[in-house]
Amino acid sequence: MKNAVGRDIPDYLLVDGKEVYQGKQYMDGKYIQKVGPRTRRYEKPQETKVVASLVDALKLCGARDGMTFSFHHALRNGDFVANMVMKAAIEEMGLKDLTIAATSLGDANDPIADYIEQGKVIGIQTSGIRGRMGEVVSAGKLKTPAIIRSHGGRPRAIEAGEVHIDIAFVAAPTSDCVGNCRGIGGKSNCGSLGYAITDSRFADYVVVVTDCLVDFPNFPASVEAIDVDAVVVVDSIGNPKKIASAAARISQNPRDLMMAENVAKIIASTPYFKDGFVFQTGVGGPSLAANLFLEKYMDERNIRMGLAVGGICKPMVELLKKGKVRAAVDVQDFDLDAVNSINQTPGHFEMSASQYANPANKGAFVNKLDFVVLAALEIDTDFNVNVLTGSDGVLRGAPGGHPDTAAGSKVCIIVTPLIRGRMATVCEKVVTVTTPGDCVDVLVTDYGIAVNPLRPDLVECLDKAGIPHVSIESLKEKAYSLVGRPDDLQWEDQVVAVLEARDGTILDVVRKVKPLEL
Amino acid sequence: MIKRPKPERFRLRRTMMFMNAQKPGLIKDAYIYGCDSIMLDLEDAVAENQKDAARFSLYHALTTIDYGNTEVIVRINGLDTPHWQEDIRVCVAGGADGIRIAKCESAQDVHTVEAAVEAAEKEFGVEVGRTLLMAALESPKGILNAYEICSASDRMFGVAISGGDFRKCMQTTFQPDGVDMLAARGQMLLAARAAGIQCFDTVFTDLDDDAGFEAEVRQNKAMGFDGKSLINPKQIRLVHQVFTPTEKEVRQAEKIVRAIEEQAKLGIGVFTVDGKMLDIAFVPGAKRTLKLAKACGMYEGDLV
Amino acid sequence: MEICKTAAAGTLESSDCLVTVEPGNGISLELSSSVMNQYGRQIKATVLETLERLGVENAAVTVVDKGALDCTLKARVECAVFRSCDASAENIPWGGAVR
Numbered sequence: 001m002k003n004a005v006g007r008d009i010p011d012y013l014l015v016d017g018k019e020v021y022q023g024k025q026y027m028d029g030k031y032i033q034k035v036g037p038r039t040r041r042y043e044k045p046q047e048t049k050v051v052a053s054l055v056d057a058l059k060l061c062g063a064r065d066g067m068t069f070s071f072h073h074a075l076r077n078g079d080f081v082a083n084m085v086m087k088a089a090i091e092e093m094g095l096k097d098l099t100i101a102a103t104s105l106g107d108a109n110d111p112i113a114d115y116i117e118q119g120k121v122i123g124i125q126t127s128g129i130r131g132r133m134g135e136v137v138s139a140g141k142l143k144t145p146a147i148i149r150s151h152g153g154r155p156r157a158i159e160a161g162e163v164h165i166d167i168a169f170v171a172a173p174t175s176d177c178v179g180n181c182r183g184i185g186g187k188s189n190c191g192s193l194g195y196a197i198t199d200s201r202f203a204d205y206v207v208v209v210t211d212c213l214v215d216f217p218n219f220p221a222s223v224e225a226i227d228v229d230a231v232v233v234v235d236s237i238g239n240p241k242k243i244a245s246a247a248a249r250i251s252q253n254p255r256d257l258m259m260a261e262n263v264a265k266i267i268a269s270t271p272y273f274k275d276g277f278v279f280q281t282g283v284g285g286p287s288l289a290a291n292l293f294l295e296k297y298m299d300e301r302n303i304r305m306g307l308a309v310g311g312i313c314k315p316m317v318e319l320l321k322k323g324k325v326r327a328a329v330d331v332q333d334f335d336l337d338a339v340n341s342i343n344q345t346p347g348h349f350e351m352s353a354s355q356y357a358n359p360a361n362k363g364a365f366v367n368k369l370d371f372v373v374l375a376a377l378e379i380d381t382d383f384n385v386n387v388l389t390g391s392d393g394v395l396r397g398a399p400g401g402h403p404d405t406a407a408g409s410k411v412c413i414i415v416t417p418l419i420r421g422r423m424a425t426v427c428e429k430v431v432t433v434t435t436p437g438d439c440v441d442v443l444v445t446d447y448g449i450a451v452n453p454l455r456p457d458l459v460e461c462l463d464k465a466g467i468p469h470v471s472i473e474s475l476k477e478k479a480y481s482l483v484g485r486p487d488d489l490q491w492e493d494q495v496v497a498v499l500e501a502r503d504g505t506i507l508d509v510v511r512k513v514k515p516l517e518l
Numbered sequence: 001m002i003k004r005p006k007p008e009r010f011r012l013r014r015t016m017m018f019m020n021a022q023k024p025g026l027i028k029d030a031y032i033y034g035c036d037s038i039m040l041d042l043e044d045a046v047a048e049n050q051k052d053a054a055r056f057s058l059y060h061a062l063t064t065i066d067y068g069n070t071e072v073i074v075r076i077n078g079l080d081t082p083h084w085q086e087d088i089r090v091c092v093a094g095g096a097d098g099i100r101i102a103k104c105e106s107a108q109d110v111h112t113v114e115a116a117v118e119a120a121e122k123e124f125g126v127e128v129g130r131t132l133l134m135a136a137l138e139s140p141k142g143i144l145n146a147y148e149i150c151s152a153s154d155r156m157f158g159v160a161i162s163g164g165d166f167r168k169c170m171q172t173t174f175q176p177d178g179v180d181m182l183a184a185r186g187q188m189l190l191a192a193r194a195a196g197i198q199c200f201d202t203v204f205t206d207l208d209d210d211a212g213f214e215a216e217v218r219q220n221k222a223m224g225f226d227g228k229s230l231i232n233p234k235q236i237r238l239v240h241q242v243f244t245p246t247e248k249e250v251r252q253a254e255k256i257v258r259a260i261e262e263q264a265k266l267g268i269g270v271f272t273v274d275g276k277m278l279d280i281a282f283v284p285g286a287k288r289t290l291k292l293a294k295a296c297g298m299y300e301g302d303l304v
Numbered sequence: 001m002e003i004c005k006t007a008a009a010g011t012l013e014s015s016d017c018l019v020t021v022e023p024g025n026g027i028s029l030e031l032s033s034s035v036m037n038q039y040g041r042q043i044k045a046t047v048l049e050t051l052e053r054l055g056v057e058n059a060a061v062t063v064v065d066k067g068a069l070d071c072t073l074k075a076r077v078e079c080a081v082f083r084s085c086d087a088s089a090e091n092i093p094w095g096g097a098v099r
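Protein chains in written order, with our numbering: chain A, 1 to 518; chain B, 1 to 304; chain C, 1 to 99.
Take the hints with a grain of salt, since some may be wrong.
Calculated lysine-lysine pairs in the DSBU-like style (CA-CA distance at most 35 Å, straight line) [stated by the list, open to error]:
{"#": "1", "chain 1": "A", "residue 1": "296", "chain 2": "B", "residue 2": "3"}
{"#": "2", "chain 1": "B", "residue 1": "3", "chain 2": "A", "residue 2": "478"}
{"#": "3", "chain 1": "A", "residue 1": "241", "chain 2": "B", "residue 2": "234"}
{"#": "4", "chain 1": "A", "residue 1": "265", "chain 2": "B", "residue 2": "103"}
Going by beta-carbon spacing under 7 Å, a handful of chain C positions derived as facing chain A [to be verified]:
{"#": "5", "residue": "4"}
{"#": "6", "residue": "5"}
{"#": "7", "residue": "11"}
{"#": "8", "residue": "45"}
{"#": "9", "residue": "53"}
I should point out that these hints are in silico values taken from the structure, not numbers from a laboratory. The beta carbon of each residue, even a glycine, is placed where N, CA and C say it ideally should be.
Excised from the complex, chain A in its bound form (with noise of 0.2 Å):
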């Protein structure tokens, strides 16, 4: 069956209510029955949760096979637990037909490839795919389709049942000997533990694993004692050399900064554009460095912002600490003078994935957005976004915050060089709709900027001033003539990845690439 997006989605994955996309916004109005986990009492007074290993720990939690693990990703590429939690469910206690339902993947859990070859590991459900995960996912080589959704998405599907977490493993900087969590304090400190806090609440059973067990009470606590079942004390959780890059530095390139300052002129000539606006931009080269030409124009018309949302790196705390945005609010950090800051920083506040962008809760951060600025892997001239797939058909990204800000913010811009390499970034069609066009309103390139035609009002601004665009088709064009026009892909009929929607309605299918044969 077609869907809003033009996608064609396979009947037999429209099932238990499940439907496709019908547009933006579907879902106000209607009612989530939320699912509450089945959880242990722990009435008589424990002196400690720690337990030997995470085997023990696996134990106390009844794994057992055809189970669901959760992970979080603030680790980033820098996490050794989910490869850790595997490595002994399946090879010291031999369990199998696991699902893991992750925050997002990344090329740190390449090892967990090789569970799926070997079909102990047989879901993935994440936000974001890449590495060899990706390869043996878009190979076919996992049992059923991996499922990918938004960080708003998956605290909705956590709450409504959709995903039921047998154990949820968070991975925590400290802990103290009850389980309560900080993501700060210890020698593999990320900052923000935003997104495990849903699952923390959800899931069956918790385990906390640590490196840095310190005194009771470890407050205050972004994940409490009062759900967590078992503490294990590892050597360490993480490189903390890939878990925080020293700091984000703005980039240099010339190109990124053309289209940040593009980025920038159309940001002020905006209404929105007043004191206490709330901004969100992703951490690639050009939306990053946005934030140092939006200075300009902030102290130009003497404005502040009102809220920073979303992930933080150095430039907004920075901002911050200049006094020139009056809060952040925090789901993960980048760097790691976002780390140090991170409830230090007077303003600066940690928040649930769910806070954060679930559709289904009543007003996340994201609704309260007036701008925010996003890569892109592909646009095409719906200005549907893809973010997931590489334009050769291959899982190798992450839907992430994309879709969740892109629908709640009133101006979404997207920021991306015309063409990488001999890829034309702006296309005809996607390969795979990650965030559905009519939720994108400004496409900026370094060879022009075009206007979604949805948005007449924000034309009108541009024009008034005189900031030059064009139609997203000539753009495409432009591309074509410099790269020459791809030839379609050819795919198998196995479904590798099914996209849901944020708001849990299906937006678009991985299949398996057929490769090129000359």
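Dock chains B and C against the given chain A, drawing on the hints supplied.
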């Protein structure tokens, strides 16, 4: 194949950005940054054993990439190398707008290049005289012979100083106040103006020193340069900003051109605008200001 | 042109390609590309056309492509072929066999 229009000998050249002709990722769209001219480099940026490969890259870049209104100049290897003749053939065959003669020291150097260019134009069926020339002065001898170099050919549109080599010859180093090259810049400017061609300053290489760069660009403008060579696109904006005329200058220029055109119809030679006495000699300067203003988006009228 | 010896041109940088030509019987082409699925067919056609224009009838050609545009592919194939004949330094037929 892209056919570039016939090059204009005197056009706006505030910024000339160097690009290694051997790097496909760089040269494919160098024009998007909005510099007036790009300078595809076959000389210093290209390793000795890649000179041949760079020419093949250059040929296809020139014939397939639409650089639009951006002027495309090629810096060829020095006359003391085995490369310059083939460099000239590929430039002419590919349709480059102009050639920059590296390490130029005399009018004879210009004549030598011109002869090879003319031969190439005939060989490849290009209109004779189409390919423009500019000279880079990199030695004391070049500076001392600046006037004969500037006036050596009708193809010459400009002259530039190349700071790196020149400072070495003079046994000095970069000085923030420009005193290291003050005499050379002055001599070159005098020669260029006397010969009626354009004059460009050398590159500023410390990309982190924004204040130093701005000071140098302002000095360039004050000394009367037409533009500057650049090594990074991020330098373009400041140069264009500094070389942009002020609002007052533009209005004044507009008045002058308009007044002179009206007076000329009536046969009056000398007249006053805002109390200042003017004659026809003010027209080129005023028109130049308006052209600059137009290129900078400050003037939309039809006087130029 | 006759391929006299093994020669290469290009790099493995992004947007470039590395082309190696060796003496061979007939034309054989080994191609790997970072954009194989979308552009493999066009890359192959460009390489073969370029060889044909240069009159190369016998060569074993290896192309490792990192997303090069057609103009770069042509430039690298031509340079490798001329190098293999020690003829890359001067008197290139610009606009003739090279175009």
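Starting from residue 296 of chain A, check that the Cα of residue 3 of chain B is at most 35 Å away, please.
violated, 42 Å
Starting from residue 265 of chain A, check that the Cα of residue 103 of chain B is at most 35 Å away, please.
violated, 43 Å
Checking hints one by one. Is residue 45 of chain C an interface residue toward chain A, by the C-beta closer than 7 Å rule?
violated, 10 Å
Holds or violated: is there a CB of chain A closer than 7 Å to the CB of residue 53 of chain C?
Violated - the Cβ of residue 53 of chain C stays beyond 7 Å from chain A, reaching only about 18 Å at its closest.
Hint check: residue 3 of chain B vs residue 478 of chain A, CA-CA at most 35 Å. Holds or violated?
holds, 18 Å
Restraint check, 7 Å cut-off on beta carbons, for residue 4 of chain C near chain A:
violated, 27 Å
For the restraint on residue 11 of chain C, tell me whether the closest CB of chain A is nearer than 7 Å.
Violated: closest Cβ of chain A sits about 13 Å from residue 11 of chain C, beyond 7 Å.
Can you verify the interface hint for residue 5 of chain C: is its Cβ closer than 7 Å to any Cβ in chain A?
Cβ of residue 5 of chain C sits 27 Å from chain A, so the hint is violated.
Run the distance test for residue 241 of chain A versus residue 234 of chain B: straight-line Cα separation, threshold 35 Å.
holds, 31 Å
Figure legend: structure checked against the earlier numbered hints; hints not met, in rising order: 1, 4, 5, 6, 7, 8 and 9.
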